[in-house]
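Residues per chain, in single letters:
Number of protein chains: 6
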Amino acid sequence: MMNLPYGELSIGQKKCSHGRTITETDVVNFCGLTGNWLEIHSNAEFSKSSMYGQRVVQGGLVFVIGNAMFGFDSAVVEAFYGVDKLRFLKPTFINDTIHAESEIIAKRDKGDKHGIVTAQLWVVNQRNEKVLSCEFTLLIRRERLIVERNPE
Amino acid sequence: MMNLPYGELSIGQKKCSHGRTITETDVVNFCGLTGNWLEIHSNAEFSKSSMYGQRVVQGGLVFVIGNAMFGFDSAVVEAFYGVDKLRFLKPTFINDTIHAESEIIAKRDKGDKHGIVTAQLWVVNQRNEKVLSCEFTLLIRRERLIVERNPE
Amino acid sequence: MMNLPYGELSIGQKKCSHGRTITETDVVNFCGLTGNWLEIHSNAEFSKSSMYGQRVVQGGLVFVIGNAMFGFDSAVVEAFYGVDKLRFLKPTFINDTIHAESEIIAKRDKGDKHGIVTAQLWVVNQRNEKVLSCEFTLLIRRERLIVERNPE
Amino acid sequence: MMNLPYGELSIGQKKCSHGRTITETDVVNFCGLTGNWLEIHSNAEFSKSSMYGQRVVQGGLVFVIGNAMFGFDSAVVEAFYGVDKLRFLKPTFINDTIHAESEIIAKRDKGDKHGIVTAQLWVVNQRNEKVLSCEFTLLIRRERLIVERNPE
Amino acid sequence: MMNLPYGELSIGQKKCSHGRTITETDVVNFCGLTGNWLEIHSNAEFSKSSMYGQRVVQGGLVFVIGNAMFGFDSAVVEAFYGVDKLRFLKPTFINDTIHAESEIIAKRDKGDKHGIVTAQLWVVNQRNEKVLSCEFTLLIRRERLIVERNPE
Amino acid sequence: MMNLPYGELSIGQKKCSHGRTITETDVVNFCGLTGNWLEIHSNAEFSKSSMYGQRVVQGGLVFVIGNAMFGFDSAVVEAFYGVDKLRFLKPTFINDTIHAESEIIAKRDKGDKHGIVTAQLWVVNQRNEKVLSCEFTLLIRRERLIVERNPE
Numbered sequence: 003m004m005n006l007p008y009g010e011l012s013i014g015q016k017k018c019s020h021g022r023t024i025t026e027t028d029v030v031n032f033c034g035l036t037g038n039w040l041e042i043h044s045n046a047e048f049s050k051s052s053m054y055g056q057r058v059v060q061g062g063l064v065f066v067i068g069n070a071m072f073g074f075d076s077a078v079v080e081a082f083y084g085v086d087k088l089r090f091l092k093p094t095f096i097n098d099t100i101h102a103e104s105e106i107i108a109k110r111d112k113g114d115k116h117g118i119v120t121a122q123l124w125v126v127n128q129r130n131e132k133v134l135s136c137e138f139t140l141l142i143r144r145e146r147l148i149v150e151r152n153p154e
Numbered sequence: 003m004m005n006l007p008y009g010e011l012s013i014g015q016k017k018c019s020h021g022r023t024i025t026e027t028d029v030v031n032f033c034g035l036t037g038n039w040l041e042i043h044s045n046a047e048f049s050k051s052s053m054y055g056q057r058v059v060q061g062g063l064v065f066v067i068g069n070a071m072f073g074f075d076s077a078v079v080e081a082f083y084g085v086d087k088l089r090f091l092k093p094t095f096i097n098d099t100i101h102a103e104s105e106i107i108a109k110r111d112k113g114d115k116h117g118i119v120t121a122q123l124w125v126v127n128q129r130n131e132k133v134l135s136c137e138f139t140l141l142i143r144r145e146r147l148i149v150e151r152n153p154e
Numbered sequence: 003m004m005n006l007p008y009g010e011l012s013i014g015q016k017k018c019s020h021g022r023t024i025t026e027t028d029v030v031n032f033c034g035l036t037g038n039w040l041e042i043h044s045n046a047e048f049s050k051s052s053m054y055g056q057r058v059v060q061g062g063l064v065f066v067i068g069n070a071m072f073g074f075d076s077a078v079v080e081a082f083y084g085v086d087k088l089r090f091l092k093p094t095f096i097n098d099t100i101h102a103e104s105e106i107i108a109k110r111d112k113g114d115k116h117g118i119v120t121a122q123l124w125v126v127n128q129r130n131e132k133v134l135s136c137e138f139t140l141l142i143r144r145e146r147l148i149v150e151r152n153p154e
Numbered sequence: 003m004m005n006l007p008y009g010e011l012s013i014g015q016k017k018c019s020h021g022r023t024i025t026e027t028d029v030v031n032f033c034g035l036t037g038n039w040l041e042i043h044s045n046a047e048f049s050k051s052s053m054y055g056q057r058v059v060q061g062g063l064v065f066v067i068g069n070a071m072f073g074f075d076s077a078v079v080e081a082f083y084g085v086d087k088l089r090f091l092k093p094t095f096i097n098d099t100i101h102a103e104s105e106i107i108a109k110r111d112k113g114d115k116h117g118i119v120t121a122q123l124w125v126v127n128q129r130n131e132k133v134l135s136c137e138f139t140l141l142i143r144r145e146r147l148i149v150e151r152n153p154e
Numbered sequence: 003m004m005n006l007p008y009g010e011l012s013i014g015q016k017k018c019s020h021g022r023t024i025t026e027t028d029v030v031n032f033c034g035l036t037g038n039w040l041e042i043h044s045n046a047e048f049s050k051s052s053m054y055g056q057r058v059v060q061g062g063l064v065f066v067i068g069n070a071m072f073g074f075d076s077a078v079v080e081a082f083y084g085v086d087k088l089r090f091l092k093p094t095f096i097n098d099t100i101h102a103e104s105e106i107i108a109k110r111d112k113g114d115k116h117g118i119v120t121a122q123l124w125v126v127n128q129r130n131e132k133v134l135s136c137e138f139t140l141l142i143r144r145e146r147l148i149v150e151r152n153p154e
Numbered sequence: 003m004m005n006l007p008y009g010e011l012s013i014g015q016k017k018c019s020h021g022r023t024i025t026e027t028d029v030v031n032f033c034g035l036t037g038n039w040l041e042i043h044s045n046a047e048f049s050k051s052s053m054y055g056q057r058v059v060q061g062g063l064v065f066v067i068g069n070a071m072f073g074f075d076s077a078v079v080e081a082f083y084g085v086d087k088l089r090f091l092k093p094t095f096i097n098d099t100i101h102a103e104s105e106i107i108a109k110r111d112k113g114d115k116h117g118i119v120t121a122q123l124w125v126v127n128q129r130n131e132k133v134l135s136c137e138f139t140l141l142i143r144r145e146r147l148i149v150e151r152n153p154e
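Residue numbers (my numbering), protein chains in the order written: chain B, 3 to 154; chain C, 3 to 154; chain V, 3 to 154; chain P, 3 to 154; chain A, 3 to 154; chain D, 3 to 154.
The shape of chain B in the complex, shown without the other chains (with noise of 0.2 Å):
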């Protein structure tokens, strides 16, 4: 979504991303990548009998991924300043497939060369059901940063 510079954004401007199954590999790939390996996320016993019935993929992962789908433009977003109310809103299992949906929900100007651009942003499942929420703010430039390639 935050592919487009500062004057071209607007309050109540939506974007869907596409999708992607979060797959047994995500899951294992992340628990080793962090570290964390909480049993309901990497053992399959222990997990048939929480009150899931089967592992949960770990929050943490669902935001990193649905953060990913949000989509940034290095030639427009200049630093990540935060997130706010980050919920989780139901789980996701292995092999649900979800994308994210975001909305421009606030802006003001900083400088002359930037705004600060707030954006919410749902991870949503393919029940089309709401797993995640949270509310992003950017720093975003007003002008395009052009990166010479030289292409021939």
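Some hints here could point you the wrong way.
Identical copies go unnamed one by one, so any copy, or any two together, can satisfy a pair.
[Said to hold, decoys possible] In silico DSBU-like links for lysine-lysine, alpha-carbon gap of 30 Å or less: (1) Lys87 with Lys109; (2) Lys132 with Lys17; (3) Lys16 with Lys132; (4) Lys50 with Lys115; (5) Lys115 with Lys132; (6) Lys16 with Lys50; (7) Lys109 with Lys16; (8) Lys109 with Lys17; (9) Lys112 with Lys16.
Hints are computed from structural coordinates only; laboratory data are not their basis.
Given chain B's structure and the hints, the job is docking chains C, V, P, A and D onto it.
Below, chains C, V, P, A and D alone, put in the same frame as chain B:
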């Protein structure tokens, strides 16, 4: 930190985790896992001319590793409610070493089996700079869950 | 590049991708994924005495990353027909930064729903040297495929 | 196959590799490595309604694994010149098992230390269907390179 | 288990770890990491006709995960001396869940700062079958190493 | 080494493998795979003040890579019995290059289809230092297993 049942947790308790060096491997593997190859994280040439002069570790990676360092125990953590006021205070660079520090800042009863606990989490680097700050809220059991595993 | 329906593509159109630094991590992970540990890619001692004086990035890795940088959109690309004249023009070394450049060089109708498009692809490094060249042929839809995702 | 010096290779020589099952893990890790998350490879819901009815293994993944199965020996292979007529003949699906078959189809001298050898390579699945075909050209040494490693 | 200083360890102490499901992802990633693609681990077709009727998890993978589950603490473990009598008692299959059980079987002083401790380690599956057995010998500190990390 | 049927193996046969540089990527990926983030392997700051002055490659990683370099052939290796006298003789550091050397030290018949073979395995670095030593015992077929794969 969250390896005690609800009754043994009290406001003001602090904990400090082990540390981990964030390597180029972590940064590349995280690009791969999330699918976000924003050039400030993945393009060394582009990053040389950025305000940081080098590639920056993804805020999301610092967050999920800090989260894992925080320490959860399946026997007491029943659910992960959400995160508030997540702020990226300073950049983390490749080869920085981070650890997590936490402090319990709120707790309240929830029925007779659980309580809700909020902790402040900071991720701190080898220069003793806070690079990330957020508040975590978890559902904690009053009684440790006993998992039978037939030790000899 | 291939994010336009067949009718909007024309011979001579050019595009230039973002860039990515090829790290030691990429080289090691690619050895792992393919199972090919040829020493010129994986043994720094052996490679010191080779004609290159150092490890060389796998040609196959440059090809598949260049291919990904080329940019495909599921809504218009129906099938991947093949590749011709794939040539490794210069070695890529660990820490080189590459991007893709492309130009449409042929197109022909295929039935009333598709067309076949051939593009020249180059992978170019930070010294503006072409390191790989090939021709790609794709089956492209005349109408963009609409995927419903229930945005709010 | 390419583990013999130039003089011992002759047109018509054939070889058949071991096999490997292409798993969901390979497909997800390859999306991660390349950064290409085209939905026909990564979104199970999207793929159900495609002409294949399921996710398809990336052609590039079949190519690089087939290439690795082909078998190279650092002691005789000096350089990888290129690939021609790469064709994706049939789709490969998750859990298909593939192996490589090859046949030398051309050779010519190059100076007094090397020769150039072209081999036809096919990747074949467990139903004995050819799924990929291409021609490889390599620079091969006349004398095996001896690497001293001080065996006891 | 090895998170106590030498003086607090005594022969006969037992411990039981958390569990982890060994997934296809772990098996494929371990093939990649080691470079060993022996078909009994990586080729589902080949493995169907083996004495096990399916792919078998690598003994080395069960060993290194069992070793990690055993639990080490940098503050007390100074060095890893070796392993004896490593035996693979039963096969582990994809989707089995394993945990580690250990018992201290020998200890002896080494200077005034350390002791040497030997523990029996078993890896046990969800059917309560011992699948791996070995003896570990470690150099353990008499005083816990204090690492300063400046908690607030 | 273990690519010959039982009858062709004899006590005193030696073999030397190719080499591989152990990278930071291998060390980080192995922490991830095993879940063991002991700071001597993963925290560069902590390791500076250790007796080694730097991070040390995991003994388990040296073992499983040395094991893979040893070389197994599915056509003759029927089972992996165990490992004895595994000793970590010297530390391996990031960017060391290792290879495996082996010698058959015992063999005995087992029924009319197999024999049991024990080999001494050493892992040796680029300074020709033995860093790991162990004994491997394998069940080897008397007749090579023929796998039909329908070569053209």
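### Task
Please write out, lowest number first, the hints stated earlier that are contradicted by the structure.
The structure breaks none of the hints.
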